[in-house]
Amino acid sequence: MVIHRLRLLVLSVVLSVTASAYGQAGDSALRVEGAWARRAPMMSGDSKAGSGNGAVYATLVNPGKQLDALVAAASDAAGTVEIHESYQDMGMMMMRPVGKIEVPPGGKVEMKPGGYHIMLLNLKHDLKAGQTVNVTLQFQKTGKISVKAEIK
Amino acid sequence: MYHRLTALLALVFLAAAAGAAENPALKSGVFNPPRMAPDFSLRGSDGTELKLSRYRGKVVALGFGYTFCPDVCPTTLVDLAAARKKLGADDENFQVVYVTVDPERDSVKQLRDYLAHFDPTFVGATGTPEQLAGVYKAYGVLISKKAYKESKAAYLVHHSSFVYLIDPEGKQRALVPFGRSASDIAHDVKALLKR
Chain H
0 MVIHRLRLLV LSVVLSVTAS AYGQAGDSAL RVEGAWARRA PMMSGDSKAG SGNGAVYATL
60 VNPGKQLDAL VAAASDAAGT VEIHESYQDM GMMMMRPVGK IEVPPGGKVE MKPGGYHIML
120 LNLKHDLKAG QTVNVTLQFQ KTGKISVKAE IK
Chain W
0 MYHRLTALLA LVFLAAAAGA AENPALKSGV FNPPRMAPDF SLRGSDGTEL KLSRYRGKVV
60 ALGFGYTFCP DVCPTTLVDL AAARKKLGAD DENFQVVYVT VDPERDSVKQ LRDYLAHFDP
120 TFVGATGTPE QLAGVYKAYG VLISKKAYKE SKAAYLVHHS SFVYLIDPEG KQRALVPFGR
180 SASDIAHDVK ALLKR
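Keeping their order, the protein sequence lines are chains H and W.
Using numbering that gives the first Met the number 0, you'd call the opening residue of the first sequence number 0 and step up by one each time.
Using numbering that gives the first Met the number 0, you'd call the opening residue of the second sequence number 0 and step up by one each time.
Be a bit skeptical, because a hint or two may be false.
Stated by the list, open to error - Here are the simulated lysine-lysine pairs, BS3-like style, with alpha carbons at most 30 Å apart:
hint : chain 1 : residue 1 : chain 2 : residue 2
1    : H       : Lys99     : W       : Lys145
2    : H       : Lys111    : W       : Lys84
3    : W       : Lys148    : H       : Lys140
4    : W       : Lys151    : H       : Lys107
5    : H       : Lys47     : H       : Lys64
6    : H       : Lys143    : W       : Lys148
7    : W       : Lys148    : H       : Lys47
8    : W       : Lys145    : H       : Lys123
9    : W       : Lys57     : H       : Lys47
10   : W       : Lys108    : H       : Lys151
11   : W       : Lys85     : H       : Lys47
12   : H       : Lys47     : W       : Lys151
13   : W       : Lys26     : H       : Lys151
14   : H       : Lys143    : W       : Lys151
15   : H       : Lys111    : H       : Lys127
16   : W       : Lys145    : W       : Lys170
Claimed, not checked - One side of the interface only, derived from the structure: several residues of chain H facing chain W at Cβ under 8 Å:
hint : residue
17   : Thr79
18   : Gly98
19   : His116
20   : Ser145
Claimed, not checked - Computed Cβ-Cβ distance ranges for the label pairs, DEER-style:
hint : chain 1 : residue 1 : chain 2 : residue 2 : range
21   : H       : Gly33     : W       : Pro176    : 22 to 32 Å
22   : W       : Tyr147    : H       : Ser27     : 50 to 60 Å
23   : W       : Ser40     : H       : Pro62     : 55 to 65 Å
24   : W       : Pro128    : H       : Pro104    : 45 to 55 Å
25   : H       : Pro96     : W       : Ser52     : 38 to 48 Å
26   : W       : Lys144    : H       : Glu101    : 43 to 53 Å
Derived by calculation from the structure, the hints in this document are not laboratory data.
None of these values were measured; they are calculated from a predicted model.
All C-beta atoms, glycine included, are put in the ideal place defined by N, C-alpha and C.
Can you build the whole structure from these sequences, using the hints too?
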């Protein structure tokens with residue numbers, strides 16, 4: 000009887016601890032999931048094309064009740080970092096810089112090849128498959144979130 | 000000029016769509032009937048004069064893009080490299096030819112260094128503006144350069160993103176749209192090598 004009551008007590012403590020851990024991590028906080036970068040070479044830099052470019056992708060998840068937006072990004076692997084979008088028009092692949100990517104409340108935005116991406120300009124080193132690249136995403140409301148993007 | 004190219008491109012897409020329905024053997028849009036791929040002579044990133052007809056006997060994947068491009072072009076090149084790896088012993092009979100849409104920034108060396116990162120067998124091509132214009136026109140490739148004040152990039156290049164598959168006889172057989180998987184591309188290359 001005593002043992003059973005103890006078991007119940009232990010179980011309930013474990014459950015409540017687990018619940019609070021999850022609560023802190025992500026009730027309503029914006030998350031950056033599955034960040035990855037395309038492998039890319041650093042170029043010699045003797046051409047007008049600069050030292051090479053790369054792209055980082057991630058899924059932005061906003062479980063909260065307020066609209067948030069990715070407004071800037073930075074990385075120690077690149078001279079300049081911009082938010083861009085590729086899109087198709089009449090069979091042509093276009094690319095343009097975008098000021099921000101809005102993430103609606105309760106929604107998510109998947110950045111992926113041929114769509115939204117974080118463009119790394121003037122790479123400072125090769126982006127080699129199997130390694131990671133540090134990227135800091137700046138959100139309008141949430142502020143900065145740093146992630147390690149897996150290079151594939 | 001622009002309208003004529005747009006019309007040509009629309010025709011190619013219609014033909015590709017119609018062909019795909021009639022010929023399920025290929026996973027990409029097919030040309031039905033196939034026509035000879037227009038030959039050209041450009042400067043190859045391997046340092047030689049690059050004539051398309053040099054690759055008779057192989058399946059050629061002919062793509063257009065530029066090394067400054069961070070998203071669409073490297074995605075296509077990674078897929079083509081992965082497709083080549085899936086060919087096994089047939090990889091000797093597959094050649095990727097990548098024509099720049101940005102000759103101002105893509106020197107022979109730039110193309111060579113860039114493509115080597117994806118696959119050492121890939122060959123890039125550039126040329127004079129006139130030579131390149133002829134190739135773009137022959138293949139219905141649209142290009143437009145645009146500068147954005149919001150970007151530190153001097154300019155970006157909008158361009159057609161499909162890849163042509165040319166069979167060992169030098170005939171244009173398929174149009175691979177952006178985003179097609181490496182497995183699908185490898186499947187089509189193998190199918191064209193068998194004929």
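**Asked** Which hint numbers does the structure go against, in order from smallest to largest?
**Response** 5, 9, 11, 16, 20, 22 and 26
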